[in-house]
Amino acid sequence: MAINAIVKVDGDNVDYALKLLKKKIEREGLIREIKTHTYYEKPTEVRRKKLLKAKRKQQKLQRKLNDKYKYY
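The sequence shown: position 51 = 52 (our numbering), numbered continuously.
If you are wondering where the hints come from, they were derived from the structure by calculation, not from laboratory data.
A couple of the hints might just be wrong.
[Unchecked claim] Heads up, simulated DSBU-like pairs for lysine-lysine below, C-alpha to C-alpha not over 30 Å straight-line:
id : residue 1 : residue 2
1  : Lys25     : Lys54
2  : Lys9      : Lys50
3  : Lys25     : Lys50
All of these numbers come straight from a predicted model, not from anything done at the bench.
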C-alpha cells in the first residue's frame with residue numbers, strides 16, 4: 002500500500018498543511034484500511050461484522066421512517 006499524498010506548504014504555515022494532509026488521507030480511507038489490516042480476522046468474523054453493520058443501518062433507517070411518518 003503506497004501513500005502518494007502531496008501537500009504544499011505556503012510560507013511557515015506547517016500546521017495548516019498537516020491539517021490538509023490528514024483530511025486528504027481520511028478522504029481516501031487509508032486510516033480505516035490500515036486499522037482493518039492490523040490483525041488477521043477470520044472470514045466468518047468479517048462476514049458477521051458486515052451483517053451486523055447492515056442490520057444496524059437498516060434499524061436506524063427504519064427508526065427515521067417511523068419518526069417521520071408517526072401518527073398521533
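Verification of the hints:
Between the alpha carbons of Lys25 and Lys54 the distance comes to roughly 25 Å, so the proposed pair stays at or under 30 Å and holds. The straight-line distance between the Cα atoms of Lys9 and Lys50 is roughly 39 Å, outside the 30 Å bound, and the hint therefore fails. Taking the CA atoms of Lys25 and Lys50, the gap is about 27 Å. The hint holds against a cut of 30 Å.
The structure is inconsistent with hint 2 alone, although it conforms to all the rest.
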